[in-house]
Amino acid sequence: MLVCQGPGIGSVTHKSTWALGARTKKGLLADVISTVEFSHSGDLLATGDKGGRVVIFQREQENKSRPHSRGEYNVYSTFQSHEPEFDYLKSLEIEEKINKIRWLPQQGAARFLLSTNDKTIKLWKISERDKRAEGYNLKDEDGRLRDPLRITALRVPILKPMDLMVEASPRRVFANAHTYHINSISVNSDHETYLSADDLRINLWHLEITDRSFNIVDIKPANMEELTEVITAAEFHPHQCNVLVYSSSKGTIRLCDMRSSALCDRHSKFFEEPEDPSSRSFFSEIISSVSDVKFSHSGRYMMTRDYLSVKVWDLNMESRPVETHQVHEYLRSKLCSLYENDCIFDKFECCWNGSDSAIMTGSYNNFFRMFDRTTWRDVTLEASRENSKPRASLKPRRVCAGGKRKKDEVSVDSLDFSKKILHTAWHPVENIIAVAATNNLYIFQDKAN
Amino acid sequence: MFARGLKRKCAVDEEAAPAYSLQRQSLLDMSLVKLQLCHMLVEPNLCHSLLITNTDQQIQEEMTQDGRWCMPVPQTAGRASRDLLVSTEILCCCTWEGVHPAPDPGDLASEFQVVPAVQAPRGSPGSVWGRDGPQENRGSFHKSLDQIFETLESQSPGALEQLFSDVHGSYYDLDAVLTGMLGGTKLIQDGLDHVVDILVET
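So the protein lines, in turn, are chains G and W.
Following UniProt numbering, the residues of the first sequence are numbered contiguously, the last one being 449.
Following UniProt numbering, the residues of the second sequence are numbered contiguously, the last one being 202.
So here's chain W without its partners, still in its complex pose (with noise of 0.2 angstroms):
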């Protein structure tokens, strides 16, 4: 998943913690709320949960692989911390060289006006990063996270753990969750655990 020549940096210093690390965390974070989203709807759309949980799982795995869980920074820090989780395009692209070149249109007739080849840019992932894209994605990045997290805090911490109280079983067995019987997932309970753990620091 790394892109070729990104060095990997221990995260004892956080602010020098890779973005890669800190977008991937980031991600991980912004799937662990969907599922919850998922879950307070009445019923959940079974294909949605499904991508979203292994997306999730994925991210989880290669974690494990890279033998670090990376914590969030605190809530404390205020607006710094949200500042540290930039546009996450860098996720996106796997290679820096962007796309292969469609055929060249050149040769067509006119007749017809043809899109022509769109290239996403070359460059280094500085580029890439510093584009007018990520950072307006970033601004909708933050509301979007800031709204669910807000309305998450706003509640008592007795409606917070309601919240997750119910949550323990598969997030894709609707027939035994409607039933009321739930069974665990010791890898959703860990996400869960995560996010509470977030949501407390507050």
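Isolated chain G (complex conformation) (with noise of 0.2 angstroms):
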């Protein structure tokens, strides 16, 4: 099956500019992309920046006069979902950066969306106004009120097409509810409940109560000198509305089962691959943490990211996963250098395609990496604007690791480790790909589309 061989339908660039003009006291910063997120049709794309931003962007639509124009995503909402806030009790700045978004289900004209900084939850309702009422009784056109007394007869308001506007307006905000810095937040498939997940707790919500929420996983120690790992990623099951799964920074992942008991501090399963003695160093605990796991469409599967590799679990075999990716191999003889430059701790997300057959990640060097998992097959594409023609094929790019460097080939040490691929995306049904590289949001296509 062809993963995507990817002209770039549009290279489309996230500029502060989008969001109507408003700079941060941070500057440039706020523009870093910080979560890319599909929504359950593919015809929506959002993005959060670390500017506390959410952009969204809309495929347009087919149209005969504009052959070209087809699957482009192009601006469709942009608002700020959090501020900076200040937490006086602790003095301590709670950042904006958006680190999650995760959609709601679609049920009626109007789509939702979960964004999360690392402390609150907010509910977004995006909805679209084509019309106006114009003809009130009680107030002129600009607005301003009329005096009821002078009213001598009634008149029907009639609805007038306007400019579509599209309007985003928080719902809910879910907030208190987080000693520690949410890393994930998924949407239960029961389209009523979602968990958040912190380092050390999970907390389920209902999106309807904002007041409170259940604690069902608490792996805080009674003494705090006695942790040892912490919670670094969580994943509802996509159908099984009972089951969760989540990592740990040694690399372990637990399923729990909320009909077991109210609290599930104690797994159902417990997936961890047995070390290999003969690759332990004193690395091997950081580099084996997971900082993604997703669940495959099918629900079947599990894909966990560690800073090497992605594997692949099946449910059904907590010894060890049926797959594994090295990402960024060559990066293994470096881990000092990486760990020094704090590079080791990178978080790279990860994420199936529609049909599980494939999956991708992100490295460095604005390199991403894509897996075929039926035919074994993976290559290695750059995303950047000197590489990125509009409707020009990707090429795929080769590292060098050591030994005599061929034509076109990138040597290690020539690697741009600030230039790292953190986050992307894959639509839910066509191979159509959103890789965030920084502040640029690039926007890839298979050609067969």
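In short, the hints are calculated from the structure, not lab data.
C-beta atoms are modelled at their ideal positions from N, C-alpha and C, and glycine is treated no differently.
Incorrect hints may have been included.
Among chain W residues calculated to face chain G with C-beta under 8 angstroms, some are [unchecked claim]:
(1) L27
(2) M30
(3) E43
(4) L46
Put the two chains together into one complex; each comes in its own frame, and the hints tell you how they fit.
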């Protein structure tokens, strides 16, 4: 199956000017994209950034007069989701950076999404308005109130078309439930509840109720000095509303069944791959820390991302993953330098394609990797302006770890570790991918589309 | 943790001290400095602090098992001492044979240009040592540690004490630290004393 040969049908740049001229005091830092998520149908693509803004792109409808524009994503809505806050009790500033966005399944004309920063989750309603009422009795067209005593006749307001306006309004604010930094949110398949996870706890919320949540996982020890691992990611099963998984900084994944007990401290399944003693080093624990966990669409598998690899697990087998894909094994000999410059702590995400036949994750130097699970082929591509002209095919990249560097190969020592692709997303149905490279968003599409 | 065949030597003669021990020591120093920097942040990242702390503990456990703490070369030795803190790439590899080779891509369709299996270089520790990479990293390694130490050294002794004075407790008990309740962690304290010794000798 063709994974993605990917011409860039449009190279979309995420700029601060899209935030309607709003610039934060942090300047350009606010534009760094921190999360990317397609909606369930794929017609909308949401991005969150370090400045607390959410930008939603919409795919253009097929238009015979503009055949080349089919499938292009253009800005649909921009809004400020989170603002920097100050916790006066602890004298701490709470960052407005959006950590995660998750769409709710569409139930009506309006669209809903959850966005979260370190402490607070918000439910946003995005709705379209293309009509407005005219002919009110109590106010003029410019909004000024009319004197009721001077009204001598009544009229019925009529709806008139107007330019499409997309409104984003906060419908719920779920706050004050997390002491530590929220790293994950996940909407349940029951479409009524969702979970939020921080370093030590996972809470269950009802979408309609903001003043309380249930704590379902708590790994905080009585004595904090006994703490050995933290929660790094969590997700609900796509079909079984009672099942969730969470990963840890020690490279383990626990599957919990909410039917077994109210507090899911005891897991139902424990996934851990035995360590290879021949490759053990001081950095083994750090590189085994799972930065992302994602269920496959089928619900039979889950995928975990650690520093050097992506692993696919069969939920029926806890002893080891069924597949391991090396993302950038050439970095294993550089772990010390990467520890020194803190890159070893980078949290890469991973994603499945719609049919679960391929997976994708990011790397450094603006490289991202795609693995075809059926053919076991993999490819390295680069998301950069210089290499991505609209409608041009992406050229596969190669990294040379040592020895003589061939033409077109990039040497490991010349990789730019400041250019990291942490966030990627795959359209739920088609071969369209979104890749966030610092403050730029790239959307690539299969040529066959 | 030791590569097979690498003999351990008594560290009486500092110039003959095994490279591994020196590098392990510098990794320990680096970890301690990182932990310090973590706690200079207004709100430390718990996961980040924990991973560094666990790494730090692993190093100290191994050093304890070895039966000795390798005291750092005194700062007064100047650049010569810094030169001994060469690239620590050697710590990344436990075996010198390199990684397991990936499947041969030769039989795959040419439609997809497959990234060839990337293998870590094979050879003796000496060859790992002598490549350009480690030297390049040495420079950056020196720069970052130098910067950190210079920043700390430039402050008055009083400021230094103040810097370390409030870090007695658990590194990851945010609640306790933030509410002013400080516990004690002997292991961390020993590490802190060690770092202070390095700076005081300057």
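Consistency of the hints with the structure:
no., hint, result
1, L27, "holds (6 angstroms)"
2, M30, "holds (6 angstroms)"
3, E43, "holds (5 angstroms)"
4, L46, "holds (4 angstroms)"
Figure legend: structure checked against the earlier numbered hints; every hint is met.
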